[in-house]
Amino acid sequence: MLEFLQNIPWDAIVIQTVNGIVTGMILALIASGLTLIFGIMDVVNFAHGELFMFGAYMGVVVITATGSFWLALVLATLIVALIGAGLQITTLRPLLGRDPLTTILATFGISLVMQNYALWQFGPVARKIPEPFTGQFTLFYLEYPWYRVLIAVLSGAIIGGFWLFLKYGTYGIWIRATTQDRVMAQAMGIPVPWVHTGVFAIGAGMAAASGVLFGPLVGVNHAMGLDWVLKAFIVVVVGGMGSLGGSIAASIFISLLEAYAAIWVSPAQAVIVSFVVLILTLLFRPTGLFVPTPK
Amino acid sequence: MSKRPTIIYWTGFSIVLALLIVAPLVLPEFWRRFVTEILIWGLLAMSSDILIGYTGMVSFGHSAFFGLGMYGAAAALLMVRPPNLWLAIAYGLVGSAAVSAFVAYFSTRMRDIYFAITTLIFSQIFYVIIFTWTEVTGGENGLSFRRPPLAIPGLYSAPFTSETLHWFVLAMVTASYLILRRITRSPFGMVLQSIRENEARTRAIGYPVERYKIVSVMLSGLFAGLAGVLYAIQNRFAAPDFVYFLVSGETVIFNVIGGIGTLVGPIAGAAFFLLLREAFSRFFTEFYLIPVGIIFIAIVIFMPQGLLGFARRWLNR
Amino acid sequence: MSLPALSNGPLVEVEDLHTYYGKSHILDGVSLTVGRGEVVGLLGRNGVGKSTTLKTIMGIVNPARGKVLFEDRPITGVPAHRLARIGIAYVPEDRRIFRLLTVMENLRTGLDRRGVSESRKQEMLDKVFAYFPVLAERRNQAGGTLSGGEQQMLAIARAMTLEPKIILLDEPTEGLMPRMVSQIRQIIDVLHRDGVAILLVEQNVPLTLEASDRVYIMEKGAIRHQCPASELKVNDAVIHQYLGV
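Residue numbers (the working numbering), protein chains in the order written: chain A, 1 to 295; chain B, 1 to 317; chain C, 1 to 245.
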């Protein structure tokens, strides 16, 4: 028994726990935007991964021009939020009231256009966002970068800030009211079409922020959105579609499991973990793992 | 019900068929292959129309069915000597049937958007499996193999020429169209359409809706697999790229552009898209998807019935 | 944004409304008016189109034909959120309060409007809590935890925060205990005193006759009879004819 316990790679597990939380927080930030948009407008935003990617590219552009990571983070978020608002007004508003599948198609089309536009403008070679600061601490046998910890903290802060906004601000009340009963919200004078635009913009901004935060970890290229979008969709289904808390919990849960799996198998195979979780969820708790089962 | 529309329909059908038969004899090699490819993608899109247009379920999982058909054929052509055409088809169909049964079981529990997302995720599952299981599937590089001869056992065997391959594909696609058309007009097909119109009511009348849906997915998957087999035979390789969900996405694009619920619409949609791609890539090189994507979005917003949608009622008569 | 009352005409006027749900011809030429500060009752059996009339006025449902006028200006097809801001409030059947929002947050959906000072908001809040003390007690509770009668009061209070010129009330006393019903009756009187017009759809005939100035009776999607409420109190043959009561 003791030998078994000794053979468990405790140090790897702790390291992977930290890694899992870091990835989980970024995923949570992306998935929150997706859940928000779906919960309030019934729109499955296929282009969400591309908003993430655009955010990263905007970050590259701003850093190259100004050298400031923090400015890049703020500007990229604002610019992509505006782009998101523009997209919603031009392509999604006309589709209001139609079959919800048309919005999947429309956002899928947008994702294709955005991907190729990025490819056209920035070329196929990956770009890099430099870390805002270097500096590491020793975690067992690794020199663990502080920056990664910062990502997790910042993502959490953004999500937390947004939660506070939802709970207390006037616009937060508008958003919550519209999510619960669109018709009565309108009857109370809440300009629902603009609430929709605002929410889409916020979701887009959150995706962009994740892109900038995640940028230093990997190269920025036009296809980076695809993998994240898939994972985000899995998270949203597992977490319970439309449940913000659920998707955050699911993000961390799945990322931790994948991180642990990566101790023993290759990362490319570790993604199977998320698929297995999805299948199990669909079989046994199709409304979502982290959502109380409806009676 | 007047006889004239039917005569017009079959006349039109014969004319198109005749044109397609003559095509390889008059077109240069590049365009010959182009038309054959249109037929294969058209078959894939047509299979997807059974789900989208007739049962009302949008699926993003067709890349898995297509891919398994492709890899199934590859398996037959690599494992069995001498390479046998009909065996390849059989393996491919079995492979895609198995996959579609698996996907159907899980995803038909969900409705609407959830169904679409689930099928998409499943197609990605298969992509990852194929991509990483290098020993069996060749991983990233895929598999290549020789094209089997066109053989009718005991009677005839000769290697495919460009023309005979085209005619074989045309025969397969035409047969598939006729079979699917027959099915959509059968009682089974009527139930599917009733599910599309009002699922709750169909269920209330007493039909086991889930079972119909599962059969619909499998039927769709079967013909998508056939398209995969044909693709493998034409191009002599199988690659994971074709299992990536983008292929499913393009299939749905063909459906929407051409007009769902018409069976021929998706084929026209495939032709339109591929021709646009060809035309635009002369000017925009690799970024043809930008204008094509914008056109697609515009069609979704302004012309949701697609190119042939206006003829939908007529084509289904 | 609203112009001063130029005319002495009705506050709300509905002309020849035709509304369809799918193929159903629900409203088949409805015409009625509500004057400033008037309480107008709309009676009729279930399914004749009373709720649909209110929804059409509120811009929740679009009519196929016909016009809706507010202060002599056409508002047909104007979306509901704009109508709420120019003075039309809607209290639907089954209340439809925001169940996951607290009582306070429910009220804020109407209070938090542009151009309303903090002091006026506080005044409105005080007034609402004075009329509905039970809401003051439960101000931080989620709307879904309130009883049926309390939810009805919240729905009316919420509408009041819009400082409307007219409130569209759809079956406010349905499913309520007699004590609550009389409370609703009092609220209607209070609103009337404050000069708010009310278009009241009700199944409770005696209450409607007491509270209203005028009454319309609907049948099969159209108005069949209208007269001052006082007339119907003495002549109930008409009531029997259309409502079978």
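The reader is advised that the hints may include incorrect statements.
Ranges of calculated distance between the beta carbons of each label pair, as one might list FRET restraints [to be verified]:
| no. | chain 1 | residue 1 | chain 2 | residue 2 | range |
| --- | --- | --- | --- | --- | --- |
| 1 | B | E210 | A | I272 | 47 to 55 Å |
| 2 | C | N62 | A | P132 | 47 to 55 Å |
| 3 | B | M190 | A | T287 | 14 to 22 Å |
| 4 | B | W31 | A | Q136 | 38 to 46 Å |
| 5 | C | V116 | B | I205 | 49 to 57 Å |
| 6 | A | T17 | C | A142 | 54 to 62 Å |
| 7 | C | S119 | A | G219 | 34 to 42 Å |
| 8 | A | G245 | C | R45 | 25 to 33 Å |
| 9 | C | Y242 | A | L280 | 40 to 48 Å |
| 10 | C | T145 | B | W133 | 27 to 35 Å |
| 11 | A | V153 | C | D194 | 48 to 56 Å |
Derived from the structure by calculation, the hints contain no laboratory data.
From the three backbone atoms N, C-alpha and C, an ideal C-beta is built for every residue, glycine too.
Here is what the structure says about each hint:
Take E210 (chain B) and I272 (chain A): their Cβ atoms lie about 27 Å apart, and the range 47 to 55 Å is violated. In this structure the supplied range 47 to 55 Å holds for N62 (chain C) paired with P132 (chain A), their Cβ-Cβ distance being about 53 Å. A C-beta distance of roughly 32 Å is found between M190 (chain B) and T287 (chain A), which places it outside the suggested range of 14 to 22 Å. In this structure the hint that W31 (chain B) and Q136 (chain A) lie 38 to 46 Å apart at CB is violated, the actual value being about 60 Å.
Look at V116 (chain C) against I205 (chain B): about 54 Å separates their beta carbons, and that is inside 49 to 57 Å. Restraint check, T17 (chain A) to A142 (chain C): a C-beta distance of roughly 36 Å breaks the suggested window 54 to 62 Å. Distance hint for S119 (chain C) and G219 (chain A): a CB-CB separation of about 57 Å, inconsistent with the stated range 34 to 42 Å. Remark: the range hint 25 to 33 Å for G245 (chain A) to R45 (chain C) is contradicted by a beta-carbon distance near 46 Å.
Between Y242 (chain C) and L280 (chain A) the C-beta distance comes to about 60 Å, which lies outside the given range of 40 to 48 Å. Separation of T145 (chain C) from W133 (chain B) is about 54 Å and departs from the stated range, judged on CB atoms against 27 to 35 Å. Between V153 (chain A) and D194 (chain C) the beta carbon distance is about 53 Å. The supplied range of 48 to 56 Å therefore holds.
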